[in-house]
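Visitor: Below, each chain spelled out in residue letters.
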Amino acid sequence: MPARNHAQWTAKPPLANDEWIDSRIYSDQEIFEQENERIFKKVWVPVCHESELSKPYDFRTMSIANEPIIVCRGPDNQVRAFLNVCPHRGMLIERRPSGSFLEGQPSGNPKRITCMFHAWQFDMKGNCVYVAREKEGYQDRLCKEEVGLRRLRCEVKFGGFVWVTLDDNPAVSLEDWAGKAFTCLQKSLDAEPLEVFHYHKAIINTNYKLWHDTNSEFYHDFMHYHNRVTGFNDAYFARKNEAFEHGHVVVGTFEVNYQNYEGFESRAALSFPHLPPNQWYMIDMFPGYNFNLRGSALRCDIVTPLGPDKVMIEFRGLGLKRDTPEERQTRINHHNSIWGPFGRNLHEDLIGVAGQGTTMRPGTESRRILHGRQENQTIHDENGMRHYYDEWGRWMNIMPNNPDQTWSERSTASAAVAAAE
Amino acid sequence: MATNGVDVAGAVRDTIYRAAIHLDAQKWDDWLELCDEKFHYAIKAFSPEINYDMIYLQGTRKEMQTLIKLLPKHNTDHSPLTRHTTVYTVDVAPDGKSAKAVSSFVIYQNMLDGTNSHIDAGESRLFLVGKYIDTLEVSDGKARFVDREVRLENRRLDKGSHWPL
Ligand code: FES
Ligand SMILES: [Fe+2]
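These protein sequence lines map, in sequence, to chains A and B. In this text, residue positions in the first sequence follow the numbering used here: the first is 1, and each later residue adds one. In this text, residue positions in the second sequence follow the numbering used here: the first is 1, and each later residue adds one.
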């Protein structure tokens with residue numbers, strides 16, 4: 001078809017209802033705010049890894065849907081999560097990204113979570129244990145027993161990740177939420193303790209879903225020279241994208257030929273437990289978390305949406321806790337040569353979504369985004385994204401290809417293909 | 001400090017500053033010419049988030065050469081990087097044959113094609129802050145790198161880069 005006029009450009013594509021979406025779901029401020037309320041305040045979020053708070057009284061801070069969170073390890077070794085918000089006058093209680101409460105702070109004692117502002121103190125279970133001049137100010141009207149922290153549901157699971165939800169009554173347990181999608185890697189991730197060796201973050205002017213889309217579709221391997229030379233073969237094209245309940249997708253494995261990229265080596269010697277050599281599994285968790293195991297190194301991406309056109313992505317790399325220094329070095333090289341901030345692939349992926357962010361800024365005309373590749377659910381089939389937007393539409397009660405309409409089950413692409421045949 | 005009439009510290013500074021100019025100009029081979037066969041390169045940063053001293057990229061001279069050779073195969077943000085480098089200290093070994101140097105740097109990114117070029121191209125943004133921790137060997141009055149540690153303060157790296165820093 002030659003270049004199109006406006007009517008042609010904005011017309012419905014000749015694809016089934018679930019094979020394309022409207023770009024307004026990537027650029028609309030109201031939809032973004034609804035996503036925080038309807039999705040991110042409800043789902044289980046992997047906020048960090050337990051090795052980041054390995055000793056009693058260690059803590060990490062983060063946020064979900066604008067709500068500041070603190071995760072800490074108690075003297076009983078239990079990892080607990082609380083809102084990082086002081087019940088007195090709303091100060092952010094802990095300002096550091098990480099640390100240990102074993103040391104005292106200018107306003108407070110060792111082994112306490114202390115708000116620096118007026119020195120209220122809390123223990124590792126979130127009990128308020130000290131209110132400065134309590135009786136003098138509150139007499140018998142309010143006591144420390146009534147001003148504990150807001151506790152959050154928190155579990156350490158699936159390779160030692162710390163999962164938190166802001167919802168006190170989540171629709172499903174974490175096991176039911178993620179268990180089936182993790183089955184392919186459960187033995188490898190749970191055989192022994194893991195440890196984080198890599199962390200960096202990117203803040204990109206693009207919608208968080210576009211990052212998840214990139215993690216869910218492998219058609220873009222055409223953009224990665226590395227993946228073309230180490231991947232494109234029959235086994236690669238036979239890889240399956242498998243859809244799981246709750247919007248998750250698993251990209252099945254094949255054997256990567258790393259040595260086909262000059263200077264790279266096989267990863268067979270350092271495979272994760274129970275993983276055959278040089279295999280590559282990927283788990284894409286709704287609404288934006290990714291677990292990616294390339295033989296010897298595990299990567300995890302966590303998105304924090306900051307606006308319709310702004311996302312923070314935190315990148316982690318993990319190996320086995322018992323690695324020797326030499327093994328760890330090799331794992332780090334395997335991870336970072338592709339996935340590090342100065343690696344070969346990550347830079348390309350991020351340029352890709354930044355470019356999409358440029359064309360889909362708030363105020364741009366709505367665009368048709370095609371998710372219509374049908375290849376028997378193999379690697380370049382776009383069924384992963386279709387599955388995701390079914391889930392997204394249900395949570396949001398919005399039609400992905402017409403955000404003005406409420407959700408109704410989308411016609412399935414396979415039916416459309418059958419009808420066309 | 002002069003050893004047998006040679007200003008070793010001056011030669012070290014000269015090599016570090018020449019490296020900065022070659023890297024700014026993306027003349028990677030000229031940069032590698034300043035690096036000995038034994039050369040090892042690493043970009044490192046400490047993360048308080050995970051309490052871990054990280055290596056973001058590392059390689060031997062040969063590995064850096066391969067990385068450079070394959071750059072045209074990759075899709076890259078071509079926004080030029082410009083360093084401001086200041087050599088803070090040069091400690092010359094007693095025999096005058098090697099030296100350690102610490103330099104401070106900031107790297108600006110002059111936007112070209114990485115984001116929305118119509119709006120952003122031509123703008124300079126602060127990209128990276130850190131130190132070069134270099135070991136050099138000196139012979140015939142010339143200093144060559146045998147080790148370079150690029151010690152970054154940044155952990156927010158946005159799109160990152162394909163290029164040596
Ligand atoms: S705001 Fe925290 S003690 Fe007052
Ligand atoms: Fe990619």
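It should be emphasised that the hints constitute simulated quantities derived from the structure, not laboratory data. Possibly wrong hints are sitting among the right ones.
As the list claims (entries may be wrong) - The calculated DSSO-like cross-link candidates involving lysine-lysine, where the alpha carbons are at most 27 Å apart (straight line), are: (1) Lys38/B to Lys321/A; (2) Lys69/B to Lys97/B; (3) Lys201/A to Lys97/B.
To be verified - Now the in silico label distances, taken between C-beta atoms and shown as ranges: (4) Ala268/A to Val106/B: 40 to 46 Å; (5) Ile119/B to His274/A: 48 to 54 Å; (6) Gly122/B to Thr406/A: 33 to 39 Å; (7) Glu265/A to Arg125/B: 51 to 57 Å; (8) Asn110/B to Gln329/A: 33 to 39 Å; (9) Asn402/A to Ala25/B: 23 to 29 Å; (10) Thr10/A to Asp113/B: 41 to 47 Å; (11) Pro2/A to Asp113/B: 40 to 46 Å; (12) Glu123/B to Glu245/A: 44 to 50 Å; (13) Glu192/A to Thr86/B: 43 to 49 Å; (14) Gly307/A to Leu126/B: 50 to 56 Å; (15) Phe46/B to Pro2/A: 32 to 38 Å; (16) His118/A to Asn110/B: 46 to 52 Å.
Claimed, not checked - Sample of chain A residues with no beta-carbon within 12 Å of chain B, all distances over it, derived: (17) Pro13; (18) Pro68; (19) Arg112; (20) Glu134; (21) Glu145; (22) Ile351; (23) Ser408.
Glycine residues also receive a C-beta, built at the ideal position from the N, C-alpha and C atoms.
Visitor: All hints are to be evaluated individually against the structure, with a verdict given for each.
Guide: Each hint tested on the structure:
no.	hint	in the structure
1	Lys38/B to Lys321/A	31 Å, violated
2	Lys69/B to Lys97/B	31 Å, violated
3	Lys201/A to Lys97/B	41 Å, violated
4	Ala268/A to Val106/B: 40 to 46 Å	42 Å, holds
5	Ile119/B to His274/A: 48 to 54 Å	50 Å, holds
6	Gly122/B to Thr406/A: 33 to 39 Å	45 Å, violated
7	Glu265/A to Arg125/B: 51 to 57 Å	36 Å, violated
8	Asn110/B to Gln329/A: 33 to 39 Å	34 Å, holds
9	Asn402/A to Ala25/B: 23 to 29 Å	51 Å, violated
10	Thr10/A to Asp113/B: 41 to 47 Å	28 Å, violated
11	Pro2/A to Asp113/B: 40 to 46 Å	28 Å, violated
12	Glu123/B to Glu245/A: 44 to 50 Å	46 Å, holds
13	Glu192/A to Thr86/B: 43 to 49 Å	47 Å, holds
14	Gly307/A to Leu126/B: 50 to 56 Å	22 Å, violated
15	Phe46/B to Pro2/A: 32 to 38 Å	56 Å, violated
16	His118/A to Asn110/B: 46 to 52 Å	47 Å, holds
17	Pro13	26 Å, holds
18	Pro68	15 Å, holds
19	Arg112	21 Å, holds
20	Glu134	34 Å, holds
21	Glu145	34 Å, holds
22	Ile351	6 Å, violated
23	Ser408	36 Å, holds
In terms of the numbered hints stated before, the structure departs from hints 1, 2, 3, 6, 7, 9, 10, 11, 14, 15 and 22, listed from lowest to highest.
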